[in-house]
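Student: Below are the chains, spelled out letter by letter.
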Amino acid sequence: MSQILDEDQRIIEFDVRTDEMLVNMGPQHPSTHGVLRLVLRTDGEIVSEMEPHIGYLHRCAEKIGENLTARQWIPYTDRMDYLAAMNMNLGWSLTVEKLLRYQVSEKARHLRILIAELNRIASHLVGMGAYGLDLGTFSPFLYAFREREKILDLLEEVCGARLTYSYITIGGMTADLPPGWLQRCEAFLDQFEPVIREYHTLLTTNAIFVKRTANVGVLSPEMAIDYGCTGPVLRGSGIDIDLRRDGESIYTAMYDGYAFEVAVMKDGHYPRDHEYPAVPQDAVLGDCWHRFFVRMLEVVQSMDLIRQSIDRYSQCKGPLGEPLKLIEKLPKGDAYLETECPKGQMGFYVVGDGTSIPWRVRARSSAFSNLAVAPELCRGCLIADVPSVVGSLDVVMGEIDR
Amino acid sequence: MAEFLIETAGLPAWLSWTAIAVLSAVLILNVIAGGALVFIWAERKIAARIQDRLGPTRTGGRFGWLQSLADGIKLLAKEDLMPDGADALLFRIAPYVSFCASFCAFIALPFAFDVVGQRLNVGVFFVVAVLGLEVFGVILAGYASASKWSLFGAMREAAQVVSYEVPLGMCVVVPVMLAGSMDLVTIGEKQAGWGSNWFIFHDPFTFIIFWVYYTCALASVNRAPFDLAEAESELVAGFHTEYSGLRWSFFFMAEYGSMFLVSALAAILFLGAWNGPVPVSQLLGLSDGMAANAPYALRLLGCMNLLLKATVGVLVMMWIRWTLPRLRIDQVMTTCLKYCTPIAAAMFAGVMLWQLFLPGGLVAGSFQNAAGVREGWLEQSNNQESVNEDALSDIVPSRRIVEVSR
Numbered sequence: 001m002s003q004i005l006d007e008d009q010r011i012i013e014f015d016v017r018t019d020e021m022l023v024n025m026g027p028q029h030p031s032t033h034g035v036l037r038l039v040l041r042t043d044g045e046i047v048s049e050m051e052p053h054i055g056y057l058h059r060c061a062e063k064i065g066e067n068l069t070a071r072q073w074i075p076y077t078d079r080m081d082y083l084a085a086m087n088m089n090l091g092w093s094l095t096v097e098k099l100l101r102y103q104v105s106e107k108a109r110h111l112r113i114l115i116a117e118l119n120r121i122a123s124h125l126v127g128m129g130a131y132g133l134d135l136g137t138f139s140p141f142l143y144a145f146r147e148r149e150k151i152l153d154l155l156e157e158v159c160g161a162r163l164t165y166s167y168i169t170i171g172g173m174t175a176d177l178p179p180g181w182l183q184r185c186e187a188f189l190d191q192f193e194p195v196i197r198e199y200h201t202l203l204t205t206n207a208i209f210v211k212r213t214a215n216v217g218v219l220s221p222e223m224a225i226d227y228g229c230t231g232p233v234l235r236g237s238g239i240d241i242d243l244r245r246d247g248e249s250i251y252t253a254m255y256d257g258y259a260f261e262v263a264v265m266k267d268g269h270y271p272r273d274h275e276y277p278a279v280p281q282d283a284v285l286g287d288c289w290h291r292f293f294v295r296m297l298e299v300v301q302s303m304d305l306i307r308q309s310i311d312r313y314s315q316c317k318g319p320l321g322e323p324l325k326l327i328e329k330l331p332k333g334d335a336y337l338e339t340e341c342p343k344g345q346m347g348f349y350v351v352g353d354g355t356s357i358p359w360r361v362r363a364r365s366s367a368f369s370n371l372a373v374a375p376e377l378c379r380g381c382l383i384a385d386v387p388s389v390v391g392s393l394d395v396v397m398g399e400i401d402r
Numbered sequence: 001m002a003e004f005l006i007e008t009a010g011l012p013a014w015l016s017w018t019a020i021a022v023l024s025a026v027l028i029l030n031v032i033a034g035g036a037l038v039f040i041w042a043e044r045k046i047a048a049r050i051q052d053r054l055g056p057t058r059t060g061g062r063f064g065w066l067q068s069l070a071d072g073i074k075l076l077a078k079e080d081l082m083p084d085g086a087d088a089l090l091f092r093i094a095p096y097v098s099f100c101a102s103f104c105a106f107i108a109l110p111f112a113f114d115v116v117g118q119r120l121n122v123g124v125f126f127v128v129a130v131l132g133l134e135v136f137g138v139i140l141a142g143y144a145s146a147s148k149w150s151l152f153g154a155m156r157e158a159a160q161v162v163s164y165e166v167p168l169g170m171c172v173v174v175p176v177m178l179a180g181s182m183d184l185v186t187i188g189e190k191q192a193g194w195g196s197n198w199f200i201f202h203d204p205f206t207f208i209i210f211w212v213y214y215t216c217a218l219a220s221v222n223r224a225p226f227d228l229a230e231a232e233s234e235l236v237a238g239f240h241t242e243y244s245g246l247r248w249s250f251f252f253m254a255e256y257g258s259m260f261l262v263s264a265l266a267a268i269l270f271l272g273a274w275n276g277p278v279p280v281s282q283l284l285g286l287s288d289g290m291a292a293n294a295p296y297a298l299r300l301l302g303c304m305n306l307l308l309k310a311t312v313g314v315l316v317m318m319w320i321r322w323t324l325p326r327l328r329i330d331q332v333m334t335t336c337l338k339y340c341t342p343i344a345a346a347m348f349a350g351v352m353l354w355q356l357f358l359p360g361g362l363v364a365g366s367f368q369n370a371a372g373v374r375e376g377w378l379e380q381s382n383n384q385e386s387v388n389e390d391a392l393s394d395i396v397p398s399r400r401i402v403e404v405s406r
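Just so you know, the sequences run in chain order A and B.
The first sequence begins at 1 in the working numbering and counts up one residue at a time.
The second sequence begins at 1 in the working numbering and counts up one residue at a time.
What the hints contain is simulated information worked out from the structure, not anything from laboratory work.
A virtual CB, placed ideally from N, CA and C, is assigned to each residue, including glycine.
Check the hints yourself; a few may be wrong.
[Unchecked claim] Think about it this way: if two alpha-carbon atoms lie no more than 25 Å apart in a straight line, the pair counts; the simulated PhoX-like pairs of lysine-lysine are: (1) A:Lys211 x B:Lys338; (2) B:Lys45 x A:Lys150; (3) A:Lys98 x A:Lys329; (4) A:Lys63 x A:Lys329; (5) A:Lys325 x A:Lys98; (6) A:Lys63 x A:Lys325.
[Claimed, not checked] Over 10 Å on every C-beta distance to chain A, these chain B residues come out as not near it, computed from the model: (7) Gly72; (8) Gly85; (9) Ala88; (10) Val162; (11) Ser233.
Construct the complete structure from the given sequences, taking the supplied hints into account.
Tutor: Right under this line is the structure:
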């Protein structure tokens, strides 16, 4: 008995019989990241059961995709993970290109990496800032948005939009970079690098932040695999999978010649030398703190990748290449491709029937699988831990509900 | 003041006493309301600056200094909403209970020597006790709102505030012990002179216990990182989820009033009350060091001194709020029961022993007042009857002043 108590400190014996209460957290709730509805079965402050209800943002995106040409559907992918729309564009474009057996120019390849990684930083900044909000601190959110604004400014220069870009498209990009953009991007990176330390001070190493996240919502590697978790959630549990390295050849070929190490937490081991704060003593592999920290590591990793791609892009001679026609006919056959998006492995499936309109379009959402594990993590936790756990999974409802 | 009216203006006693009471109440109410306006504006500006923003810039010309007033007008103009399932009476009463508790505590709070609504010989006790009543308003609000989130907030508040009363009480007892009186005015008087006479510098234990007091005060007025009762990321808005408009603003005023109150209490108990770090007036020969004989202009300066100290305390609370994440309920309780209470108890014992063995401080003569404090304490404890008499005579405050100046 004492051993059980030692293992789980949350097992509390009650002298008084108390009643359970069903509480709706969401869909209108400050910390459910959009329109997620969580039904909590609570006994006092303790959550005995948590069930996510989804579908409040369902817009039939996949069905719409079966009535539009492949390129026309690009704006709909923007609205899936709207925090990383470039990565969504990229995933769908690569999938259709796989079906078409089309390869973009070398210059376009580097530009795609540049843009996608820049958007990954923006997405992780939102994830980090919003996580601070979930834990009751407001300032890191605005610190993160300060830097995100600059990324959005850069992306706006590229394509005119700040959130739904539709920039990366089938066969390349809608336009080349404006003059002087690379210098501005480099200037941003130089300014951004020292700022990361501020985030670590405000959140990562903050004593209260560590108390709220360390050893909370521990996701074992086995459970992570069972539930199909991907992305930073999976890597936070110490499983070394990153599709940019381990994915299909059409995707990994993009990153050929790029030096990067997968950001994964393995017993306090960090992928490369950088000024990282030490892992706090209380933190356990797979807890909220590790999931958060993997994202912070990926921000640094993306910065490295951007620097490399800037070099390679500027060395590339020749034209960027025009994207494919809006009514490009799709061959008979199907293609499925998963890419490493900021939230995890986002998959697109397309079936062509010889016309320009796909016969079937499907999307596999990473956040959907990541959210599915939340009830397991929240069992027996306190109410205050629910935002802490759900926030660490960094779900985006646009992607889950599509 | 009342005597002045009776003797010079020839007004009847009951009228002059009532007039003075109303005057004091209006003044204090304005201190709270005006203070809340200033503090809300300050909080907006400070939060903005901490977060690399500008905050309000336009309302009222420069710096958005009229922003709080504009907010107040907006709140006044809002529709008065009440949930269908709410307990109408309790729902309506709750904000006023909270506000009244915060307001009443100001009655016994001296702003300078003799500048006090009602001087009480149990001032410390009164302020802490009445401030504790604020939790009733919160519990009523949470219960009457017919919302589960509100109920959670209220239960958290109840558990938290009741727990933190224990270490808070222990911290408050220390200056009482040093001054030998529960009268806030006397406690302030004992810290006159150089800054080294302030109770925070009395000995190492009081220095530590000041920080414990500040932490507990933060928790007892529900400010971050202890703002669990409203925890917007967990409980939507906690106990005031269903409140809007003017009723909501009363909770807000109560919160800011309490913030100012605990900061002012910290200033009086530990930071030399209305005495500056350098006894300027005494050095210039304007007063003989006895506040009772000092001219009224000096008391006004004393007011400024106290307001400044209390404001710094409030600003630090804002600084903390916009920097730290929120604790979890079990961690809040752990902080109270495992850290604050034992530390406060140990420091309490430490101060007691210090008083017994080193009443004059480590270097003899460096704490001029310390010996006097001890004498005063012994004298009072030997003279139990006169203390009891004081308690009775407190109904008429003017006689107390005579006592002190004697």
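Student: The structure should be examined with respect to each hint, and the outcome stated for every one.
Tutor: Against the structure, the hints come out as follows:
1. A:Lys211 x B:Lys338: Judged against 25 Å, a Cα distance of about 15 Å means the pair holds.
2. B:Lys45 x A:Lys150: Status holds; Cα separation ~24 Å.
3. A:Lys98 x A:Lys329: holds, 14 Å
4. A:Lys63 x A:Lys329: The hint holds at about 19 Å.
5. A:Lys325 x A:Lys98: Holds, because 16 Å separates the two Cα atoms, which is no more than 25 Å.
6. A:Lys63 x A:Lys325: holds, 22 Å
7. Gly72: The assertion about Gly72 (chain B) holds, with a minimum of 23 Å to chain A.
8. Gly85: It holds; Gly85 (chain B) is separated from chain A by about 15 Å at its closest Cβ, greater than 10 Å.
9. Ala88: Ala88 (chain B) clear of chain A: closest Cβ-Cβ about 23 Å, beyond 10 Å.
10. Val162: It holds; Val162 (chain B) is separated from chain A by about 16 Å at its closest Cβ, greater than 10 Å.
11. Ser233: Violated: least Cβ distance 4 Å, not greater than 10 Å.
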